[in-house]
Amino acid sequence: MLKVSNVSKTIDGKLVLEKINLELTPGSIAGIVGRNGVGKSTLLRTMAGILDPDAGEIYFNEKNIHEQPEVKQKLSYVPDSTELLKTYNVKEIVKLYDAIYENFDIIYFYSLMDRFKLPKNKKLRSYSKGMKALFLMILSFSTKAEFIILDEPTNGLDPIVKRNILQFIIEEVSERQLCVLISTHHLEEVEKMADVLIMMKEGKLESVTSIEDAKSEYRKVQVVYKNALPESILQLNNISILSQIGRVSTLLIKGNIEVTMNHLHNENPLLVEELPMTLEDIFISSLGGESYVS
Amino acid sequence: MLLNLDPRSNTPIWEQVVHQIKELILKEVLLPEDKLPSVRELSASILINPNTVSKAYQELERQGIIETLRGKGTFVSPNITPRADEQKIETLRLQLKQLLIDASYLGIDQKTLKKWIDKYAEGLGGMSNHAESE
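Residue numbers (UniProt numbering), protein chains in the order written: chain C, 1 to 294; chain U, 1 to 134.
Read the hints as simulated data drawn from the structure, not as lab findings.
Hints are not guaranteed to be accurate.
To be verified - In silico lysine-lysine, BS3-like type, Cα no more than 27 Å apart, as pairs:
id, chain 1, residue 1, chain 2, residue 2
1, C, Lys192, U, Lys55
2, C, Lys204, C, Lys14
3, U, Lys55, U, Lys115
4, U, Lys97, C, Lys192
5, U, Lys35, C, Lys192
6, C, Lys192, C, Lys95
7, U, Lys22, C, Lys192
8, C, Lys86, C, Lys122
9, U, Lys55, C, Lys144
10, U, Lys119, U, Lys97
11, C, Lys117, C, Lys129
12, C, Lys3, C, Lys63
13, U, Lys97, C, Lys220
14, C, Lys3, U, Lys88
15, C, Lys192, C, Lys226
16, C, Lys129, C, Lys95
17, C, Lys204, C, Lys132
18, C, Lys3, C, Lys14
19, C, Lys226, C, Lys3
20, C, Lys63, C, Lys86
21, C, Lys3, C, Lys19
22, C, Lys95, C, Lys120
23, C, Lys123, C, Lys95
24, C, Lys86, C, Lys19
25, C, Lys220, C, Lys192
26, U, Lys119, C, Lys220
27, C, Lys162, U, Lys55
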């Protein structure tokens with residue numbers, strides 16, 4: 001339903017997006033992760049039609065969103081800041097959205113405002129950070145858009161507001177056929193919520209998989225050998241060493257798991273033990289690279 | 001309904017949901033004909049993807065443990081009959097063998113093991129009603 005085809009984008013002489021291809025289907029939650037500065041926000045803003053790609057197209061229900069902007073009726077983007085709307089009050093913002101989005105559901109909007117106990121006669125400026133985040137979420141889902149893009153929706157929120165927001169997203173997705181794309185650094189949220197995990201690295205998509213597949217492709221183990229790690233294991237290129245404390249090494253195996261596990265066993269280990277694994281391990285191993293900030 | 005999911009586990013989340021609902025039924029926390037939360041309710045309360053819950057419910061339904069009544073919701077089946085799934089039985093048998101090997105290396109004798117089995121069986125409601133109907 002949403003298709004990104006060969007999208008590239010250069011900003012200030014820097015290639016931010018490089019030949020991105022992606023397809024998302026209705027009824028799913030997709031999580032996009034990657035380090036700061038890899039182009040996540042640029043990709044989301046391009047998908048929302050805010051930025052124009054230098055090359056490539058973005059289709060929503062087979063219509064190019066940059067050529068037929070009316071399809072953006074079915075699309076809503078929530079930025080990671082509320083700067084733009086902060087001088088307006090709730091009524092004014094609703095008026096604006098109602099004018100833009102044909103299907104904007106005012107009754108639904110106000111019922112959600114009541115449910116989350118948000119004040120209705122105030123300027124957005126007077127809202128707390130959590131209230132602003134909730135407000136934008138409510139506003140966005142009230143447009144009845146079929147594709148919703150959320151740029152770091154839970155950034156800097158307290159656990160209760162965060163839970164409210166995530167619950168709200170899940171309810172909406174289970175209620176109607178919509179697709180939600182969430183960029184986040186809170187890996188534990190994506191881990192449980194997303195159908196699709198999109199990993200981004202240096203302007204390219206590193207991988208697009210289901211969480212289950214991503215996890216079944218990796219295995220984290222703790223091994224101890226009598227002396228140092230055998231040479232033959234160090235030479236395997238699908239193993240990365242996460243840590244080494246004394247003789248105890250923690251390894252992350254990527255792909256070819258059975259074969260590699262057999263290999264570990266054949267070198268007479270004192271101990272080979274599987275460890276529970278989080279997305280964070282995968283993130284660090286495949287998206288980590290250098291440890292400086294870009 | 002409280003499920004305790006571990007996203008770090010190597011067992012996929014939908015399978016954890018299946019296991020835990022089965023356990024709740026054996027412990028008689030959920031009784032036959034009890035209504036289960038809807039996909040929407042369950043996924044929102046434990047913050048997991050609704051498709052994950054659907055998948056777990058489909059699997060439980062396939063195994064005859066729950067049933068969905070159109071327009072009414074999902075319920076624990078009034079009579080759960082054990083179904084022979086050759087592959088699953090085989091895996092279970094191998095797991096038990098591995099467990100016995102590990103136990104013998106830890107110096108646990110068969111008497112203790114049997115005691116443990118009885119104790120757990122008791123905690124899970126004797127398991128007799130599920131075995132008898134076979």
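Hints versus structure:
{"no.": "1", "hint": "C:Lys192 x U:Lys55", "result": "holds, 14 Å"}
{"no.": "2", "hint": "C:Lys204 x C:Lys14", "result": "holds, 13 Å"}
{"no.": "3", "hint": "U:Lys55 x U:Lys115", "result": "violated, 36 Å"}
{"no.": "4", "hint": "U:Lys97 x C:Lys192", "result": "violated, 33 Å"}
{"no.": "5", "hint": "U:Lys35 x C:Lys192", "result": "holds, 24 Å"}
{"no.": "6", "hint": "C:Lys192 x C:Lys95", "result": "violated, 36 Å"}
{"no.": "7", "hint": "U:Lys22 x C:Lys192", "result": "holds, 21 Å"}
{"no.": "8", "hint": "C:Lys86 x C:Lys122", "result": "holds, 10 Å"}
{"no.": "9", "hint": "U:Lys55 x C:Lys144", "result": "holds, 26 Å"}
{"no.": "10", "hint": "U:Lys119 x U:Lys97", "result": "holds, 20 Å"}
{"no.": "11", "hint": "C:Lys117 x C:Lys129", "result": "holds, 15 Å"}
{"no.": "12", "hint": "C:Lys3 x C:Lys63", "result": "holds, 10 Å"}
{"no.": "13", "hint": "U:Lys97 x C:Lys220", "result": "holds, 25 Å"}
{"no.": "14", "hint": "C:Lys3 x U:Lys88", "result": "violated, 40 Å"}
{"no.": "15", "hint": "C:Lys192 x C:Lys226", "result": "violated, 39 Å"}
{"no.": "16", "hint": "C:Lys129 x C:Lys95", "result": "holds, 22 Å"}
{"no.": "17", "hint": "C:Lys204 x C:Lys132", "result": "violated, 32 Å"}
{"no.": "18", "hint": "C:Lys3 x C:Lys14", "result": "holds, 24 Å"}
{"no.": "19", "hint": "C:Lys226 x C:Lys3", "result": "violated, 53 Å"}
{"no.": "20", "hint": "C:Lys63 x C:Lys86", "result": "violated, 33 Å"}
{"no.": "21", "hint": "C:Lys3 x C:Lys19", "result": "holds, 13 Å"}
{"no.": "22", "hint": "C:Lys95 x C:Lys120", "result": "holds, 13 Å"}
{"no.": "23", "hint": "C:Lys123 x C:Lys95", "result": "holds, 14 Å"}
{"no.": "24", "hint": "C:Lys86 x C:Lys19", "result": "violated, 35 Å"}
{"no.": "25", "hint": "C:Lys220 x C:Lys192", "result": "holds, 19 Å"}
{"no.": "26", "hint": "U:Lys119 x C:Lys220", "result": "violated, 34 Å"}
{"no.": "27", "hint": "C:Lys162 x U:Lys55", "result": "holds, 25 Å"}
The structure fails hints 3, 4, 6, 14, 15, 17, 19, 20, 24 and 26 (numbered hints given earlier, in ascending order).
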